[in-house]
Amino acid sequence: MTTSDEHDHTTPDGAVVVDCDELFENLDLLLDRELPQEELDRLETHLAACLPCAGRRDFESQLRAVVRERCADQAPADLVARIRTALELPGR
Amino acid sequence: MLFQTHRVWTNGTTGLASLVHEDGGAVAASSETSVDGEPVEVVDGVQDDGSILRTELTDAERRQLFEAQVMPLTDRLYGAAMRYTRDPVDAQDLLQEAMVKAYRSFHQYQQGTNLKAWLYRVLHTTYLSMYRKQQRRPQENLTDDWGDHTLFDAVVDSGSVEEDVLASFTDQAVKDALADLPEQFRMAVFLADIEGFAYKEIAEIMDTPVGTVMSRIHRGRKGLQQALTEYARQRGILGSNEGTA
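Line by line, the protein sequences are chains A and B.
At position 83 of the first sequence the residue is numbered 83 (this note's numbering), and the sequence of numbers has no breaks.
At position 209 of the second sequence the residue is numbered 209 (this note's numbering), and the sequence of numbers has no breaks.
Wrong hints could be hidden among the right ones.
[What the hints assert, rightly or not] One-sided and incomplete, this derived list gives chain A residues near chain B with beta-carbon spacing under 10 angstroms: (1) Leu30; (2) Glu38; (3) Arg68; (4) Ala75; (5) Arg82.
Calculated from the structure, these hints are not laboratory results.
Yeah, the Cβ is synthetic: ideal placement off N, Cα and C, and Gly gets one too.
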């Protein structure tokens with residue numbers, strides 16, 4: 001990966017904070033909404049303060065939308081007709 | 001109440017009923033408890049032995065429900081069949097067979113549970129029974145020679161405009177990039193990124209542990225990004241002021 005600028009991601013009260021590596025490792029889980037809320041909050045705190053990581057997140061999110069939109073298909077009409085015929089006579 | 005009740009076994013948390021395989025054996029959607037070991041979600045009508053009391057449909061009711069709930073998903077399911085088979089003729093055969101199976105076993109689908117996951121499970125098992133046995137080739141794997149490099153890194157390194165790169169990807173480019181992934185990775189990425197299923201749902205659809213699903217999605221996406229990076233680079237959308245991937 002291209003390492004982002006190393007920021008000083010410490011809070012005034014000294015809490016353990018997310019660095020760019022941790023954000024990168026968890027980006028899939030973040031975008032897939034597969035993380036518990038407290039993890040999400042930690043990562044979002046990092047994203048709010050780190051422009052390169054926010055840019056990465058936004059790009060990955062847009063790329064997923066592009067992939068999804070580009071993979072649409074329409075079933076051929078004669079196939080749909082064949083399926084309808086098959087279902088009206090299920091045949092056992 | 002007009003409907004009779006009878007028992008149907010379900011597995012996991014998405015309400016996927018076990019499917020009757022072509023040879024008559026049951027294909028379990030997953031283990032009896034949910035894949036991550038959490039207790040199976042309690043559904044109205046669940047009996048002590050885990051079976052579910054549910055309604056039995058008349059032929060007319062089944063046809064009506066199938067028409068209203070499943071037929072509108074035909075285009076999406078055809079897209080899935082295309083991504084699975086990578087061939088329009090095979091995709092049509094697969095979809096027709098899967099729709100017939102779904103219709104025949106529609107009484108096993110518990111109304112109110114996850115219909116889309118149930119249908120994709122039917123499509124998946126139909127695909128395996130129709131095509132897997134023909135292939136007989138060793139499990140493909142993904143060469144993992146790209147490290148942690150991503151398309152985003154390639155865009156940043158080349159100084160290209162993000163929007164230009166994303167706009168350069170045609171339908172065919174994305175479909176080809178996906179089609180070039182080995183089967184297990186292709187299916188996992190498709191179910192996650194195009195269909196938007198959760199990891200747990202994909203695990204049930206593919207009858208695979210969640211950890212394996214996550215690994216396939218992660219590595220499959222890297223393969224997809226590598227292919228798209230090559231595509232953009234070949235078309236001069238990405239500058240080449242960095243080493244070849």
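Structure-based check of each hint:
1. Leu30: violated (13 angstroms)
2. Glu38: Nearest chain B Cβ about 18 angstroms off; hint violated.
3. Arg68: holds (5 angstroms)
4. Ala75: holds (4 angstroms)
5. Arg82: holds (6 angstroms)
Violated hints, in rising order: 1 and 2; the structure is consistent with all others.
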